[in-house]
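> Given these sequences and hints, build the entire structure.
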Amino acid sequence: MASILFVLLKTPHENVNLELTTDLGGQSKKAALLFEDAVYYAVDRKAAKHLAEHVDEIFVISDDLAARGFECDIGGKFKAIDYGQAVDLIMNYDRTVTL
Amino acid sequence: MASILFVLLKTPHENVNLELTTDLGGQSKKAALLFEDAVYYAVDRKAAKHLAEHVDEIFVISDDLAARGFECDIGGKFKAIDYGQAVDLIMNYDRTVTL
Amino acid sequence: MKRTLLIHLRSGSMMNMDSNLAVKLARAALDRGHNVRIFGYGEGITVVKEGQEPKRFPNVGKELTELAERGATIVVCETCCAARGIHRGEEVKGAKVGSLTNDLSKFVSEADRIVTIAR
Amino acid sequence: MKRTLLIHLRSGSMMNMDSNLAVKLARAALDRGHNVRIFGYGEGITVVKEGQEPKRFPNVGKELTELAERGATIVVCETCCAARGIHRGEEVKGAKVGSLTNDLSKFVSEADRIVTIAR
Amino acid sequence: MSQSILILATKAPYGTEDFFAGARLSLAMLASGSISRSTVLMVGDGTLNAIASQNPGAIAMPSNPEAINDLADFEGEVYVLEEDLKARVGDLPIIDGVKKISWEKARELISDHELVTTF
Amino acid sequence: MSQSILILATKAPYGTEDFFAGARLSLAMLASGSISRSTVLMVGDGTLNAIASQNPGAIAMPSNPEAINDLADFEGEVYVLEEDLKARVGDLPIIDGVKKISWEKARELISDHELVTTF
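Protein chains in written order, with our numbering: chain A, 3 to 101; chain B, 3 to 101; chain C, 130 to 248; chain D, 130 to 248; chain E, 57 to 175; chain F, 57 to 175.
Treat the hints with caution; some may be incorrect.
As the list claims (entries may be wrong) - When the alpha-carbon atoms are kept at most 20 angstroms apart in a straight line, the in silico EDC-like pairs for lysine to aspartate or glutamate are as follows:
hint : chain 1 : residue 1 : chain 2 : residue 2
1    : E       : K156      : E       : E131
2    : E       : K156      : B       : D25
3    : D       : K225      : C       : E182
4    : F       : K142      : B       : D46
5    : B       : K79       : B       : D90
6    : C       : K191      : C       : E219
7    : F       : K155      : F       : E133
8    : B       : K31       : E       : D168
9    : B       : K31       : E       : E164
10   : C       : K131      : E       : E170
Since the hints were made in silico from the structure, they are not lab data.
Here's what the structure looks like:
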């Protein structure tokens with residue numbers, strides 16, 4: 003598999019099986035697309051580090067981040083995007099897998 | 003608080019915040035009442051040990067255990083019960099807290 | 130000793146086994162001679178919708194009517210019902226559409242114990 | 130390039146933000162010129178219930194009608210509807226009550242990508 | 057018979073309506089006049105509801121900070137477990153009127169309220 | 057345009073209807089004739105659905121083992137991630153027709169199916 007986009011919806015404390023990204027993705031190009039409460043991965047330092055160890059790129063819906071009280075100038079592997087860009091990612095990755 | 007009965011409904015992998023039993027229960031007498039998918043605590047050895055470290059007694063609905071393929075002769079702090087006994091526990095403990 | 134159990138249900142009729150758990154606990158509490166109140170809030174209101182026809186799963190609506198016949202009091206939140214397009218008159222026999230302020234506050238004041246069923 | 134996105138929704142109208150996420154993704158995909166199919170399964174069928182009147186939350190039923198007017202195809206599982214006491218004729222304008230075998234299989238065969246929205 | 061209820065808030069905003077629903081329940085208890093004390097205690101992911109900079113307008117959701125302010129109008133107490141909030145997002149300004157507490161104080165709250173319900 | 061769909065089963069029986077719903081979806085795809093391959097892969101808590109000794113009659117729930125047998129009638133493939141099952145309950149007999157696999161084979165399945173949906 004060339005590339006997999008993992009879709010996450012839940013908080014880092016609810017979403018505990020991040021290993022599944024590596025187990026299912028193997029050597030593929032792997033990205034995480036964070037919607038809803040999964041955006042807390044971008045601001046919880048420990049959770050951010052853990053997720054970054056598992057995937058190559060991380061995309062965060064900026065509206066969801068703003069609603070929860072956080073600015074969008076996040077860095078490292080994390081990139082803030084809108085819904086249009088999320089659709090482009092879904093179309094460009096070979097597989098989309100919700101965890 | 004003299005005694006607290008913690009009600010669990012989810013599997014050990016979904017229900018990760020067992021520390022809450024100790025954090026909220028402190029020196030009180032603490033028990034766990036396992037319904038639905040929480041009965042897997044009784045048969046997952048690692049999860050059973052973890053839960054037993056946190057509470058004094060553990061009650062498991064035997065029907066839920068049987069449905070999932072397990073016998074009711076569980077031991078240690080774990081005791082298989084029916085719904086009537088569950089109601090008695092709820093009435094006898096000072097507080098019931100769902101986690 | 131006869132006591133009063135309040136079951137606070139916030140899961141829907143079919144989304145998981147929670148509604149079935151609420152029914153089983155209520156039945157057992159009635160068997161033990163206790164008073165039973167069930168308050169459905171949020172998704173929990175869907176348990177009282179009339180006309181449930183599950184093919185293989187238990188029919189929660191029917192079971193609630195049986196519990197009411199045995200003396201359980203069953204009320205669900207009207208605002209939550211309206212939000213989901215379920216209106217007064219669509220509830221199963223024995224259940225009532227009510228409110229937090231009028232009904233749940235009364236249930237709380239009468240309750241010796243509460244069990245919250247939600248995920 | 131115009132492609133087809135299948136949104137597989139299994140959360141209900143109000144239980145969490147999932148139904149709103151489905152609407153936002155569908156809207157963005159239409160904006161990008163893609164085809165959009167939404168299939169509601171399990172609790173996901175509740176999004177098409179007519180008469181939703183949420184006080185403060187978004188009205189998902191209304192938003193689905195708007196999506197349908199823009200060309201999205203919206204179908205929910207009939208067995209799941211019947212189980213919950215929601216029957217043919219109670220769906221919002223633009224949505225259809227259908228089946229896995231007839232409708233979802235067609236959606237799957239037409240889809241370039243699928244996004245599952247469930248918890 | 058109970059005169060007090062503690063709302064244990066465990067879910068983050070805004071993926072689920074749980075915090076909002078819990079705050080509304082607490083408000084209704086205080087407004088009813090028949091319950092003398094109804095307190096909100098945020099623990100775990102629930103502590104994220106205390107963050108002052110929330111802007112739910114960005115996603116058109118009802119505001120949890122406003123729901124907290126409404127509680128203050130009825131002298132409702134709102135507490136956040138400091139350690140859990142800090143472990144998630146560090147030291148951030150919290151909503152006026154919300155009090156940071158330790159587990160010891162949380163245990164006192166459990167003792168001081170006759171019923172505990174979880175959101 | 058897709059000819060194949062993989063059902064990733066992640067939830068335990070019988071607290072939620074997810075596994076049953078996923079197996080039914082897979083069956084409908086195979087029965088429809090328009091999808092050539094629809095496979096069930098159990099991972100995480102989903103592996104608990106493979107246990108042979110399940111007895112859902114004890115709680116009046118629809119049987120997941122029967123749902124798996126139904127798939128066999130349509131030549132549906134069903135796999136369980138051996139490592140995840142073992143980590144939870146050790147070495148237990150599994151349902152006839154379910155194949156134990158490693159992560160390497162699981163990755164092959166993801167590659168071999170055009171769409172993946174999660175239950």
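> Looking back at the numbered hints, which does the structure fail to meet, lowest number first?
As far as the earlier hints go, not one is violated by this structure.
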